[in-house]
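Chemist: The sequence shown finishes on residue 905 if you use my numbering, and the numbering steps up by one all the way, no holes.
Read the hints as simulated data drawn from the structure, not as lab findings. Treat each hint with caution, since some may be false.
Keeping only pairs whose Cα atoms sit at most 25 Å apart, straight-line, the calculated PhoX-like set for lysine-lysine is [claimed, not checked]:
id : residue 1 : residue 2
1  : Lys-737   : Lys-670
2  : Lys-737   : Lys-690
3  : Lys-579   : Lys-614
4  : Lys-435   : Lys-614
5  : Lys-264   : Lys-410
6  : Lys-670   : Lys-655
7  : Lys-538   : Lys-524
8  : Lys-740   : Lys-754
9  : Lys-275   : Lys-435
10 : Lys-754   : Lys-807
11 : Lys-497   : Lys-614
12 : Lys-410   : Lys-396
13 : Lys-736   : Lys-670
14 : Lys-264   : Lys-212
15 : Lys-614   : Lys-513
16 : Lys-501   : Lys-737
17 : Lys-513   : Lys-435
18 : Lys-210   : Lys-249
19 : Lys-736   : Lys-497
20 : Lys-524   : Lys-579
21 : Lys-410   : Lys-534
22 : Lys-497   : Lys-737
23 : Lys-410   : Lys-513
24 : Lys-833   : Lys-737
25 : Lys-410   : Lys-670
26 : Lys-576   : Lys-614
27 : Lys-490   : Lys-534
Label pairs and their in silico Cβ distance ranges [what the hints assert, rightly or not]:
id : residue 1 : residue 2 : range
28 : Phe-722   : Leu-551   : 31 to 37 Å
29 : Val-651   : Glu-324   : 57 to 63 Å
30 : Gln-456   : Gln-173   : 39 to 45 Å
31 : Trp-368   : His-170   : 45 to 51 Å
32 : Gln-329   : Asn-519   : 42 to 48 Å
33 : Gln-171   : Lys-740   : 38 to 44 Å
Built from N, CA and C at the ideal position, the CB exists for glycine as well.
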Amino acid sequence: MALWIQAQQLQGDALHQMQSLYGQHFPIEVRHYLAQWLEAQLWDAIDLENQQDEFKAKRLLDGLIQELQRKAEHQMGEDGFLLKIKLGHYATQLKSSYDPCPLELVRCVKHILYTEQRLVKEASNASSPGSGPVDGTPQRYQQINQTFEELRVMTQDTENDLRKLQHSQEYFIIQYQESLRIQAQLSSLASIPPAERVQRESGLQSRKSTLEAWLTREANTLQKYRQELAEKHQRTLALLRKQQTVIVDDELIQWKRRQQLAGNGGPSEGGLDILQAWCEKLADMIWQNRQQIRRVEHLTQQLPIPGPTEELLTDLNATVTDIISALVTSTFIIEKQPPQVLKTQTKFSATVRLLVGGKLNVHMNPPQVKATIISEQQAKALLKNENTRNDSSGEILNNNCVMEYHQTTGTLSAHFRTMSLKRIKRSDRRGAESVTEEKFTVLFESQFSVGGNELVFHVKTLSLPVVVIVHGSQDNNATATVLWDNAFSETGRVPFVVPDKVLWPQLCEALNMKYKSEVQSDRGLSEDNLVFLAQKAFSSSSNNTEDYCNMTITWSQFNRESLPGRNFTFWQWFDGVIELMKKHLKSHWNDGAILGFLNKQQAQDMLMSKPNGTFLLRFSDSEIGGITIAWVAENPNKAGERMVWNLMPFTTKDFSIRSLADRISDLNHLLFLYPSQPKEEVFSRTSCIWLFSFPLLSLLISAITNPVHDWNDSMLDTEGEFDLDETMDMARQVEEFLRQPMETQWSGQQS
Numbered sequence: 155m156a157l158w159i160q161a162q163q164l165q166g167d168a169l170h171q172m173q174s175l176y177g178q179h180f181p182i183e184v185r186h187y188l189a190q191w192l193e194a195q196l197w198d199a200i201d202l203e204n205q206q207d208e209f210k211a212k213r214l215l216d217g218l219i220q221e222l223q224r225k226a227e228h229q230m231g232e233d234g235f236l237l238k239i240k241l242g243h244y245a246t247q248l249k250s251s252y253d254p255c256p257l258e259l260v261r262c263v264k265h266i267l268y269t270e271q272r273l274v275k276e277a278s279n280a281s282s283p284g285s286g287p288v289d290g291t292p293q294r295y296q297q298i299n300q301t302f303e304e305l306r307v308m309t310q311d312t313e314n315d316l317r318k319l320q321h322s323q324e325y326f327i328i329q330y331q332e333s334l335r336i337q338a339q340l341s342s343l344a345s346i347p348p349a350e351r352v353q354r355e356s357g358l359q360s361r362k363s364t365l366e367a368w369l370t371r372e373a374n375t376l377q378k379y380r381q382e383l384a385e386k387h388q389r390t391l392a393l394l395r396k397q398q399t400v401i402v403d404d405e406l407i408q409w410k411r412r413q414q415l416a417g418n419g420g421p422s423e424g425g426l427d428i429l430q431a432w433c434e435k436l437a438d439m440i441w442q443n444r445q446q447i448r449r450v451e452h453l454t455q456q457l458p459i460p461g462p463t464e465e466l467l468t469d470l471n472a473t474v475t476d477i478i479s480a481l482v483t484s485t486f487i488i489e490k491q492p493p494q495v496l497k498t499q500t501k502f503s504a505t506v507r508l509l510v511g512g513k514l515n516v517h518m519n520p521p522q523v524k525a526t527i528i529s530e531q532q533a534k535a536l537l538k539n540e541n542t543r544n545d546s547s548g549e550i551l552n553n554n555c556v557m558e559y560h561q562t563t564g565t566l567s568a569h570f571r572t573m574s575l576k577r578i579k580r581s582d583r584r585g586a587e588s589v590t591e592e593k594f595t596v597l598f599e600s601q602f603s604v605g606g607n608e609l610v611f612h613v614k615t616l617s618l619p620v621v622v623i624v625h626g627s628q629d630n631n632a633t634a635t636v637l638w639d640n641a642f643s644e645t646g647r648v649p650f651v652v653p654d655k656v657l658w659p660q661l662c663e664a665l666n667m668k669y670k671s672e673v674q675s676d677r678g679l680s681e682d683n684l685v686f687l688a689q690k691a692f693s694s695s696s697n698n699t700e701d702y703c704n705m706t707i708t709w710s711q712f713n714r715e716s717l718p719g720r721n722f723t724f725w726q727w728f729d730g731v732i733e734l735m736k737k738h739l740k741s742h743w744n745d746g747a748i749l750g751f752l753n754k755q756q757a758q759d760m761l762m763s764k765p766n767g768t769f770l771l772r773f774s775d776s777e778i779g780g781i782t783i784a785w786v787a788e789n790p791n792k793a794g795e796r797m798v799w800n801l802m803p804f805t806t807k808d809f810s811i812r813s814l815a816d817r818i819s820d821l822n823h824l825l826f827l828y829p830s831q832p833k834e835e836v837f838s839r840t841s842c843i844w845l846f847s848f849p850l851l852s853l854l855i856s857a858i859t860n861p862v863h864d865w866n867d868s869m870l871d872t873e874g875e876f877d878l879d880e881t882m883d884m885a886r887q888v889e890e891f892l893r894q895p896m897e898t899q900w901s902g903q904q905s
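Make the full structure from the sequences, and use the hints.
Modeler: Here it is in structure tokens:
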């Protein structure tokens, strides 16, 4: 309810914008009387693109109707009687409107609450200048709004001048017609007596001379008015173009860049409501000026007066058409991108939106949008305006969709919900390029007219690059291509050119962004972690961060060439870590239990200064997606000597059977998590095994978990690696046995 209280305190244009949110689709009285209930519901938990969430939306609709009816029943007295009838009517109206499609109610309410929050926030920022975001966003918004106000004043000024010109021209025409009437009267004097003719002729000639002199002066004045008005329109159009550049070439491009980085795990690109509001204002003002210029053209055709105005008007008409065309084509955008790793024979979705569609009434004749997959070369040809009609690189099923207008939000969009890539046609690959490095894009195109078919637009927009795969095993390499492209592509590039090498700190930023997003953690990669990754990527031993600041890493080093002595690339190793962490070890990373990015020597140096039984967890250098436990203990072969032991790595397969916490709890010789934390404080069991029920099982686990002096030499390799392959295989079988229903277990025992 706090939001509604703040919203009622808005003033001026903000108050008008807030009031315009309401109407028959959602009465403001409903917002007022159900404010607390509306603000308490989890509207954002419903995905508007997911039809499976329609049931949740239906429950919210039913709840809204019940709240309205309950509120109506509690109204008392004379005033309450009228309100009771009104609220009951609203309940019936909303049920009738949204029962066929309850998701539209959710869309409507989300739009209302979001807009109110934005207006309240903007009003708060305006009243306290120091409270805005540090990036200066409110200041940019304020400048844009000031320019809009300037444009509004200029457009109103030219409208007033145009009316003045129209009135002057109408009076001029009347006087011109009067001069023609006088001329006709003079011509008719020949038929009357000479004496009378001389007298009347003298008066008519005098009036004619006076009127012709006035007409000459007034014609010059009209020409001057036209010239001044055309020059004012030139200034207005110049400012409109400048404002459009700020909004379309700066703000919208920044939104698209944020959308691209969000594909790498960056912050959400944010909503489009503010951008749409700006684009609609632009469209409205451009259209007003276009109509004014056309009215001036009509006046000029109605009363031709020789001069430079006609040529100037032709230029103005071309300019305003160019501006509106650029706005329309630039605001046909992809609101929800298709997946950038696209598997054939798999359903996917996307949403395209025309930001000025509602303002230009495009929805009156809803256009159809078509989706086509094209290659990188075809995309290049398309941007060069080369003929690529009917060219495609594959077949997409369910690739046509009609744009829908959502009155509650004022958005015109097309939601492709069930597209599927049936087949793909690959091009000839270059050099060492693999199929997972080949980039495609989904082309969305449509055609529609505005202004009663005055202008016809053929609009196109390209998705972010997609990599097509046919098997899940190709996913990690395809993800590498996408990550590199999203991180390092430049605005306005030729499709889909990216640098072959980048500075190491640039890649660090991209890796950190991806890691935090996938692991869903605020704990990103530390400076030490990044030094470890640099050592791995460059086969270096330097521990100094600055040594890597000016080093560059190539695409080949990133995901084409295998690491020295390994059969996998740098990215494949890093991606394996991400998969392991997000599936099984997320909580342990977040609480700092996993150090992870350490090599064997670093682990040894850290543990040797700690008491026996101290252990740490680090990612395996030798196995993708593996994590190993290193601990310090006595050397069973040499009394008085201590050494660091390393278990063979655990992988996703292992943790699918038994958790890390259970495994560590079972290993009695592990006592302290580095540097000195008792393991019980960090790792608690997630399952329980009753050893006394199974003597054989007890014996097996004892063999696995007893201190190091019980192990024979075959369990250790020359580097101190403890080979658990055979014992863990048996352990997995036992664990799988324990997962069976208890009756099955006992029946097996008895038999």
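Chemist: Each of the hints needs a verdict: does it hold here or not?
Modeler: These are the hints, each one checked on the structure:
Using a Cα cut-off of 25 Å, the hinted pair Lys-737 and Lys-670 holds, with the two alpha carbons roughly 14 Å apart. About 24 Å separates the Cα atoms of Lys-737 and Lys-690, which keeps this hinted pair within 25 Å; it holds. The hinted pair formed by Lys-579 and Lys-614 meets the criterion: a straight-line CA distance of about 22 Å does not exceed 25 Å. Simply put, Lys-435 and Lys-614 have alpha-carbon atoms about 22 Å apart, close enough for the 25 Å limit, and the pair holds.
With a C-alpha separation of about 23 Å, the suggested pair Lys-264 and Lys-410 falls inside the 25 Å cut-off, and the hint holds. As the CA atoms of Lys-670 and Lys-655 are separated by approximately 23 Å, the hinted pair is consistent with the 25 Å bound. For the hint pairing Lys-538 with Lys-524, the CA-to-CA distance comes to about 21 Å; that is within 25 Å, so the pair holds. Note on Lys-740 and Lys-754: the hinted pairing holds, with a Cα-Cα distance of about 23 Å set against a maximum of 25 Å.
A distance of roughly 21 Å separates the Cα atoms of Lys-275 and Lys-435; the hinted pair therefore holds under the 25 Å criterion. Proximity of Lys-754 to Lys-807 is assessed by CA-CA distance (about 23 Å); at most 25 Å being required, the pair is judged to hold. This hinted pair checks out: Lys-497 and Lys-614 have alpha carbons roughly 24 Å apart, not beyond 25 Å. The straight-line distance between the Cα atoms of Lys-410 and Lys-396 is roughly 20 Å, inside the 25 Å bound, and the hint therefore holds.
For the suggested pair Lys-736 and Lys-670, the alpha carbons sit about 10 Å apart, so the restraint of at most 25 Å is met. For a cut-off of 25 Å, the pair hint linking Lys-264 to Lys-212 stands: about 15 Å separates their Cα positions. A distance of roughly 19 Å separates the Cα atoms of Lys-614 and Lys-513; the hinted pair therefore holds under the 25 Å criterion. For the given pair, Lys-501 sits about 24 Å from Lys-737 by alpha-carbon distance, which is consistent with the 25 Å threshold.
In summary, the hint linking Lys-513 to Lys-435 is supported, as the alpha carbons are separated by about 9 Å, within the 25 Å threshold. Using a Cα cut-off of 25 Å, the hinted pair Lys-210 and Lys-249 holds, with the two alpha carbons roughly 15 Å apart. Straight-line distance between C-alpha atoms of Lys-736 and Lys-497 comes to about 22 Å, which keeps the hinted pair within the 25 Å bound. Note on Lys-524 and Lys-579: the hinted pairing holds, with a Cα-Cα distance of about 19 Å set against a maximum of 25 Å.
Our distance criterion of 25 Å between C-alpha atoms is met by Lys-410 and Lys-534, whose separation comes to about 19 Å. Distance restraint check for Lys-497 and Lys-737: the Cα-Cα separation of roughly 21 Å lies within the 25 Å cut-off, and the hinted pair is therefore satisfied. Among the hinted pairs, Lys-410 with Lys-513 is consistent with the structure: their alpha-carbon atoms are about 22 Å apart, no more than 25 Å. Among the hinted pairs, Lys-833 with Lys-737 is consistent with the structure: their alpha-carbon atoms are about 22 Å apart, no more than 25 Å.
Taken as a hint, the Lys-410 and Lys-670 pair is honoured in the structure, with Cα atoms around 21 Å apart against an allowance of 25 Å. Between Lys-576 and Lys-614 the CA atoms are separated by roughly 22 Å; this keeps the pair inside 25 Å, and the hint holds. Restraint check for Lys-490 and Lys-534: the C-alpha separation of about 23 Å stays at or below 25 Å, so the hint holds. The given range of 31 to 37 Å is respected by Phe-722 and Leu-551, whose C-beta atoms sit roughly 35 Å from each other.
Checked against the hint of 57 to 63 Å, the C-beta distance between Val-651 and Glu-324 comes to roughly 59 Å, which is consistent with it. Checked against the hint of 39 to 45 Å, the pair Gln-456 and Gln-173 passes, with Cβ atoms roughly 41 Å apart. One distance hint, 45 to 51 Å for the beta-carbon pair Trp-368 and His-170, holds here, with the actual separation near 46 Å. Checking the proposed 42 to 48 Å range against Gln-329 and Asn-519 shows it holds: the Cβ atoms sit about 45 Å from each other.
In this structure the hint that Gln-171 and Lys-740 lie 38 to 44 Å apart at CB holds, the actual value being about 42 Å.
Violated hints are absent here; each numbered hint is respected by the structure.
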